[in-house]
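Respectively, the protein sequence lines represent chains Y and G.
Using our numbering, you'd call the opening residue of the first sequence number 1 and step up by one each time.
Using our numbering, you'd call the opening residue of the second sequence number 1 and step up by one each time.
Keep in mind that the hints were calculated from the coordinates and are not lab data.
Take these hints with a grain of salt, some might be off.
Claimed, not checked - Dumping the calculated DMTMM-like pairs for lysine to aspartate or glutamate here, alpha-carbon to alpha-carbon at most 25 Å:
#, chain 1, residue 1, chain 2, residue 2
1, Y, K129, G, E27
2, G, K70, G, E27
3, Y, K129, G, E129
4, G, K100, G, E114
5, G, K60, G, E114
6, G, K118, Y, E21
Next come the chains, spelled out residue by residue.
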Amino acid sequence: MLNNQNNHTQNNLVDSVQLAETQLAQNMIALLEERAQHLTLSEVQRLSTARNLAINKMTATQTATIGIHRNGNALQWFGHHRLASATLVIGLVVISLFSVQQLSMTANLEASDAFLLASDLPPEAYADKGFDTWLDSK
Amino acid sequence: MWIDFKLFFKTIVLVIAMLSSVAFADEANLTWAQLTDTQRQVLNPLAAEWDTLRPWQREKMLDIARDYPKMDADKQALVKKRLSNWSRMTPYERENARKKHQQFQALPAEKKSELRQKWQEYQKLPESERARLRAESPDTYTDADLN
Chain Y
1 MLNNQNNHTQ
11 NNLVDSVQLA
21 ETQLAQNMIA
31 LLEERAQHLT
41 LSEVQRLSTA
51 RNLAINKMTA
61 TQTATIGIHR
71 NGNALQWFGH
81 HRLASATLVI
91 GLVVISLFSV
101 QQLSMTANLE
111 ASDAFLLASD
121 LPPEAYADKG
131 FDTWLDSK
Chain G
1 MWIDFKLFFK
11 TIVLVIAMLS
21 SVAFADEANL
31 TWAQLTDTQR
41 QVLNPLAAEW
51 DTLRPWQREK
61 MLDIARDYPK
71 MDADKQALVK
81 KRLSNWSRMT
91 PYERENARKK
101 HQQFQALPAE
111 KKSELRQKWQ
121 EYQKLPESER
131 ARLRAESPDT
141 YTDADLN
């Protein structure tokens with residue numbers, strides 16, 4: 001019974017405080033609205049400038065954050081997957097070296113005079129300009 | 001971490017380039033005595049003149065020695081037989097022969113066969129006739145034109 005009375009008193013107290021806060025807020029809104037109707041031109045300009053500054057600052061901060069996040073993704077991947085990125089780079093190096101070696105070997109094979117010397121015709125046949133002239137005259 | 005990889009890659013490329021250039025310079029300057037037994041065996045027809053050859057000529061001859069073991073016995077015999085004459089050709093004749101050989105390789109089989117037959121016919125002409133045909137050729141160069 002005593003507890004019920006205490007609870008009831010506490011609830012009334014909370015309601016009273018909330019009511020007072022609401023009333024205070026309404027008074028503040030009323031005062032601000034009333035005052036806003038009578039702002040001077042310089043006060044309007046100062047408020048507008050302050051608002052623009054705040055918006056610009058916020059926009060710049062957001063853009064910078066997004067930029068870092070976007071650019072950071074690729075680098076972060078390599079940072080977080082060091083083993084994978086090391087394997088990737090070493091793999092690319094090995095493949096490049098192998099390709100260069102193969103190309104070099106193929107070029108040497110085609111350019112080697114050994115195959116000319118072992119050809120169906122002797123080197124003199126390729127070098128003899130008289131043979132060319134004779135073929136042209138036939 | 002990423003910068004380290006780039007540095008690593010650049011270092012590998014640099015080392016390979018340095019090793020390649022050193023290997024090329026060394027090989028082109030080898031004297032006859034410095035050649036391996038295998039190289040001397042293949043290039044034997046050039047033994048007397050080897051040390052007078054220029055570095056790029058030696059390099060070409062060493063390429064022949066390198067590819068020689070890849071060939072069958074018949075082709076190896078042809079290389080040995082023709083090597084001596086080959087080394088006596090002028091640089092212009094050799095370069096001309098390389099170009100003509102490439103053109104010959106691109107020909108169809110029947111055209112190759114026809115040219116082989118024509119070469120045999122040409123060989124049967126008297127030397128004076130062949131000399132006249134050579135003289136008729138519009139552009140005749142000497143070593144001096146290439147050196």
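inquiry  = Would the hint linking K60 (chain G) and E114 (chain G) be met if the CA-CA limit is 25 Å?
reply    = 30 Å, violated
query = Holds or violated: are the alpha carbons of K129 (chain Y) and E129 (chain G) at most 25 Å from each other?
reply = 13 Å, holds
query = Does E21 (chain Y) lie within 25 Å of K118 (chain G) when you go C-alpha to C-alpha?
reply = Between K118 (chain G) and E21 (chain Y) the Cα gap is close to 117 Å, so the pair fails against 25 Å, i.e. violated.
ask   = Does the structure keep K129 (chain Y) and E27 (chain G) at a Cα separation of 25 Å or less?
value = 33 Å, violated
Given hint E27 (chain G) paired with K70 (chain G) - CA-CA distance at most 25 Å = 20 Å, holds
ask   = Going straight from one Cα to the other, do K100 (chain G) and E114 (chain G) come out at no more than 25 Å?
value = Given that 25 Å is the threshold and the Cα spacing comes to 15 Å, the pair holds.
In the structure shown, a violation is registered for the earlier hints numbered 1, 5, 6, in ascending order.
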